[in-house]
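S.K.: Heads up: the protein sequence lines correspond to chains A and W, in order.
Taking the working numbering, the leading residue of the first sequence gets 1, the next gets one more, and so forth.
Taking the working numbering, the leading residue of the second sequence gets 354, the next gets one more, and so forth.
A couple of the hints might just be wrong.
As the list claims (entries may be wrong) - Using 27 angstroms as the maximum straight-line C-alpha spacing, the simulated DSS-like pairs for lysine-lysine come out as follows:
id : chain 1 : residue 1 : chain 2 : residue 2
1  : A       : K94       : W       : K528
2  : A       : K104      : W       : K528
3  : W       : K528      : A       : K291
Hints are computed from structural coordinates only; laboratory data are not their basis.
A quick note: this is a predicted structure, and the numbers were derived from the prediction, not measured.
Take a look at the letters that make up each chain.
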Amino acid sequence: MGSVALRNIRKSYGPVEVLHGIDLDIQDGEFTVLVGPSGCGKSTLLRSIAGLETITGGDICIDETVINSLAPKERNIAMVFQNYALYPHMSVAKNMGFSLRLAKESPSEINRKVNAAAEILDLTNLLDRYPRQLSGGQRQRVAMGRAIVRDPKVFLFDEPLSNLDAKLRVQMRSEIKELHQRLKTTTVYVTHDQIEAMTMADRIVVMRGGQVEQIGTPLELYDRPASVFVAGFIGSPSMNFIAATARDDGLLLDTDESLGKTPVALANGRGVIAGFRPEDIRLSDTGVSAKVALIEPTGAETQLVLRTGENSIVMTTRDRISLSPGDPVHFSISEGKLHCFDAESERALSGAV
Amino acid sequence: MNEQPRPLYWTFLGIVGIVISIYVLFPVFWLFLASFKTQAELAQLPISFWPETPTLEAYTALFSPTHQKGQLLDWPQLIGNSFFVAISSTVLVLFFGTLAGYAFARLNFPGRDLILGGLLISRMFQGAALLLPTYRLMSMLGLQDSLVGLVLLYSAFGLPFATWIIASSLREIPKELEESAMIDGASRLQSMVMVVLPLATPALITASMWHFVGAWSEFAFASILLESNANKTVTIGLASFVELFTLEFQYVGAAATIVALPIMLVFFFGQRYFTRGLLAGAVKG
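Could you build the full structure based on these sequences and the hints that come with them?
M.R.: Encoded structure:
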């Protein structure tokens, strides 16, 4: 069991700094997901925790001990790689027992631990196989098995599901989560998939351009995004953004129609970015006028694209819709669901609750 | 490339291949047959194809210490010398080639790709151009007429290409395997020995075969550097059969057959790795 603390982590490749001072505290047993678009530095950060990258500045602590200069093997961590990195010339059992063999544990002890891990992951029948004889999902499980036999302080996952097909990904997602609930080992998990982040994480760290954009529980990020970036990244379909002006009677669009009450007190005439989620939009008799551009039923819910002026607005509804493209409609936004971001900094001006 | 197979085309290619093989291999086969003939039969006309009275006399003569006619060389000694030189230099080349190849494949240092390319280009120089300077260098070092000197020389000549083959194949082994091994508790050396090298076996075997065959059959440098009979190698022994007035083909045939044997065995046991190892280098250079 272990807690992880990152203090002002910086990493440069030559003159290019890719991590600009990351601070992060991960509690013992917590499942933390680092999420962000490719190139945001999340994998570099994970590899720095693993000791596969040397950091240029800052401190990495596991259980209050600074481990900056320790080799990967001395950090008591286990890592699951995107391409699994199974040793092709070793059987599943040998793969899983490799770390124990290096630690010079007795063959009987290795056997016992490997079998215990295989049991957990349902790999008992596959122990004599070689990686090339396994399916993608099985390889994934072996990679996890290799991590858990060691009983490390921290599990690190580097986009472990991105090589799997969609259906298997959902299944492995729950398996990893169940495994975590069972073992309660501190986990840092990197993904670019916000759904993975939302479904698995105790806490999500959204990264962008080598910086932490926001840290919070999945629902905190969803309900109170700190910036346009987070608001747009978390949630699918993503939040609608539209330029608006604050007035005493609400947020007004270019057409002078009101989106609703301003969530915080703002100077009269201040230009802001208004944000609202597709599921918080209601079709109503009054409100902003728009035209239906597209109707996409998905069964349980229906997705509508509305056009108002220059803007396209995506809304979802669980109601059955009897509209056709071109029909004029009015929409409004549910009370308290309007977000407001500064037009310049794109940071949140308020938290809608 | 996805066209229907064209039987006529492939038949034609096959026939061309067979003709070339016969053209190349017939003299070898002829010499092999000659090793079972007597001096008289070899001299007679018309020439006989198959030995009329097959005999192993040439072979026993080569290995009998009493036989000194036309050659003063001790063949068991020659074979021993050649094995010593070929095996020792192969071991050296494999050892240093693996370390250097690993460095080229995994470490980042200035000029890496340039040097790696240079290794390959060095293969294009004819060894003959280096005969004289090499001889002078070896004499200065006191290594002429020394098998150890020859081992060092062959190793130096063989190392660039072996390094190149090994580096090319190591580059194709995913880095994550080593990273994973290091997280699992391996040192860099352990991860290399336990994870990387087993996966590079084809390249290691290819490099060894290549070098062994080259060292075993090298003639030019051996002939100028080795002087005493006790130090000579099989290729020099073969050449020594050619004398001013006599050429006893049955002995040449027997000796050549014996000299070719190790090479044939090496290819017989290594061939399935050989193409794989070379291809690994070919795809990504």
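S.K.: None of the hints should be skipped; say for each whether it holds.
M.R.: Hints versus structure:
With a CA separation close to 20 angstroms, the supplied pair A/K94 and W/K528 stays within the 27 angstroms bound. Simply put, A/K104 and W/K528 have alpha-carbon atoms about 25 angstroms apart, close enough for the 27 angstroms limit, and the pair holds. With a C-alpha separation of about 54 angstroms, the suggested pair W/K528 and A/K291 falls outside the 27 angstroms cut-off, and the hint is violated.
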